[in-house]
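Construct all of the structure, not just a fragment, from the sequences and the given hints.
First to last, the sequence lines map onto chains X and P. Going by UniProt numbering, 295 is the number at position 295 of the first sequence; the sequence numbering is gapless. Going by UniProt numbering, 311 is the number at position 311 of the second sequence; the sequence numbering is gapless.
By construction, these hints were calculated from the structure, which means they are not laboratory data. All C-beta atoms, glycine included, are put in the ideal place defined by N, C-alpha and C. There may be inaccurate statements among the hints.
Unchecked claim - These stretches of chain X come out as covered by chain P in the derived footprint (C-beta under 8 Å, 3 or more residues): (1) 368-382; (2) 483-489.
As the list claims (entries may be wrong) - Computed list of lysine-lysine pairs in DSBU-like fashion (alpha-carbon distance at most 35 Å, straight line): (3) Lys496/X x Lys435/X; (4) Lys41/P x Lys330/X; (5) Lys435/X x Lys11/P; (6) Lys330/X x Lys166/P; (7) Lys435/X x Lys90/P; (8) Lys330/X x Lys90/P; (9) Lys435/X x Lys105/P; (10) Lys105/P x Lys330/X; (11) Lys166/P x Lys67/P; (12) Lys90/P x Lys105/P; (13) Lys41/P x Lys166/P; (14) Lys90/P x Lys496/X.
Chain by chain, the residues run as shown.
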Amino acid sequence: MSRLPFYLIVALLLVSGVALSIHRHVQFEVPWTPGEQRQVWDIEAQVNFVADGGPAKVNMALPSSQQGYRILTEHTASPGYGLAFLEQQGGRRAEWSTREATGDQQLYYSVQVLVAPDARKTSIEPPPLQRDNVWESPYDTAASQVIERAWSRSADHFTFARELIQDFTDERQGENARLLLTQFDRAPLLVRLLNQADVPAREVSGLVLESGRRRQNLMTWIQVFEDQEWVLFNPRTGERGRPDNLLLWESAGQAVLEVEGGSNSRVNFSMISRNQPAAAAVRSQLADDTLLNFSIHSLPLEDQALFQTILLIPIGALVVVLLRVLVGIKTSGTFMPVLIALAFIQTTLVTGLVGFLLVVAVGLVIRNYLSYLNLLLVARVTAVIITVIAIISVFSVLAYRFGLNAGLTITFFPMIILSWTIERMSILWEEEGPKQVLIQGGGSLMTAVLAYLAMNNPWIRHITFNFLGVQLILMGLILLLGNYTGYRLLELRRFKPVTED
Amino acid sequence: MWTTPARLHAKGIIGMNRRNIRYIGRYNNRRLYPLVDDKLKTKLLAQDYGITTPDLIGTVTTQFGVKHIRGMLAGHHGFVIKPAKGSGGKGILVIERVEGDRYIKPSGARLSLEDVERHVSNILSGLYSLGGSPDVALVEALINFDGSFAEYTYEGVPDIRVIVFKGYPVMAMMRLSTAASDGKANLHQGAVGVGIDIASGTAIRGVQYDRTRHDHPDTGHELASLRISDWETLMLLAAGCYEMTGLGYLGTDMVLDRDRGPMLLELNARPGLAIQMANGEGLRPRLDLIERQPDGVPAEERVAFSRRHFARSSELREPA
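See the structure below:
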């Protein structure tokens, strides 16, 4: 019987688990460690216009995830307006509409942006060249002279753009440039000149992020393309490259705001930055429901909390498997320690241990009496269950009276499991003596404590909850452990006498 | 305190993990487990195959039937009550003799009828069965054990565990009950294990609680002179259990009855590894050798093969 399919399955599990985890880390910037802080910007755009009294339609560009920033959540406040989010002309836009609007109108759009330095550069198709514009005299000669001057001093599209823009900056402004600026706005003029020289370029609008700023406006920047690459230029200084704190708001070369049925429209921005734990930042990420993004984060919060615990169970089970297969520890009930460890998570360790020992000890004493009554087994265990509930109630009330609120958490113990434990321990005591009870009970408790330490580790909690691929890795590891034919640690002690002679 | 995996490996010791995966998992078909996990089934099967077992006094299958246990026991001097699906010797109650309305265990402890009834009731509820499923209680006649072993045991019947692999007896040990083991022959409860030479049926060495012993802790009798009579029959009986159950890796527990000779007490599809301690030798070389043997060899030839290849001389001092 070939073991090859088995190893293939294990390899498949491990590889897909690692791949899924890395995919989640790279694609969604889920950090590997829980402590990491991430900067989040809250940006609010306020649209103001004076409505004419009839139907009004407002169309505004919206930012999308881009190099350096990832959009988390967005909200709008616009009473009386219908709202639609549109994907058009390579950008996202919001469209507000209403039948009747008079007077000053205010619309709000707010967005949470996560600073994500390692987000990939999105590839953008270069826009088509705009060449249908005809210059009027004398601007045509001025334009061609400016282009020629910059062309001769450049090597490629990007250096050409730099030279061209610098000709329009204050210190080096020539006659031609000054002439052109009297007639045209700077940014559209630059784009037009670039296009005329066969350099694809377009205007984009960006927001300079500065914490606590209010009433900011968008600034115009120029994107210049060469092959599939694009570079951002500041049309005022000729500076090349995207400043770190620049969020591109509109990057499709369209108008930022279009208002129909209103006048005097403007949009301004306020923003504030804050740091929040990376895990929380990830949680508020907009979820695209694809299979690869299969995520628990799309569930309601309550169910998420439940899953956080459920996803820890394999970790506890792994601890049990390790201790049994590699160490050889005896426990009473295979996965009872995992359930006890789950209870410890609710009660905290010391309270849990004390509570467990108290309940089991008192339970054993009472069970000892029950054994004189000659009851049927199931009835006896049921009696033990009721006894355990009674013990727990008494302890809770006593703890509360003494002001020990921790004592109340004892109710988190799985009572039926506790009862069976007491029953088994009692039988074990009768048949094999207190030593075996100590060995098995101690083994169970030690396993439970180790499982608790593993499951309660913040790092492990973070990893298991955020990376579902880890479950596949665990599966692979456990399959491998199930295939281990070597010695257990305690067997090295047990079989020692044989090797001595 | 500790040894190294390399030294254990050199000795050919197999560990739990290897036993479970390499031998039990590979050679014992799950489907066949009920034959050995249910002692009643084993008994009936053994009768079909002409393998001697202790007499069955009766069975208790319902809680209602518990009340009739007194009638069933009447007239029997000593008996054993055991769960059909018990494991590891759990739930076995040995009554050596009956005095009036008192049932006396080998340890001298006196039980009332109620105690016995409660024990049977517990068995029926599944307290001792694997997985806690409802069970059946078997009542068997007490073995009239061979007086020649009286010196080697304390309050109980010694039994002989033979590991049978693919029908070949590979290793054997005798388990002697002690005061610590309450008349039962379970090593982890403190019984003494004595390694037995497959070729001759004589003692090789002894262990208690995994430590070497040369004498019985209670009777003080040395173990070296231990010799099992009718060894050939016992080996054949053990080897025959392979055909009977189809299980490749099997622990057979035999007892020697004064009148009826070797008989099969029970079978175990997951025999423990303490037999290696008792023999001072790992199972692995023997199992490897058997794995290279062809299938379909008759029991007599298998026994002959084992006796030829697995002969060992005693490590115990010869009696002065």
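So, against the hints stated earlier in the document, which numbers end up violated here?
11
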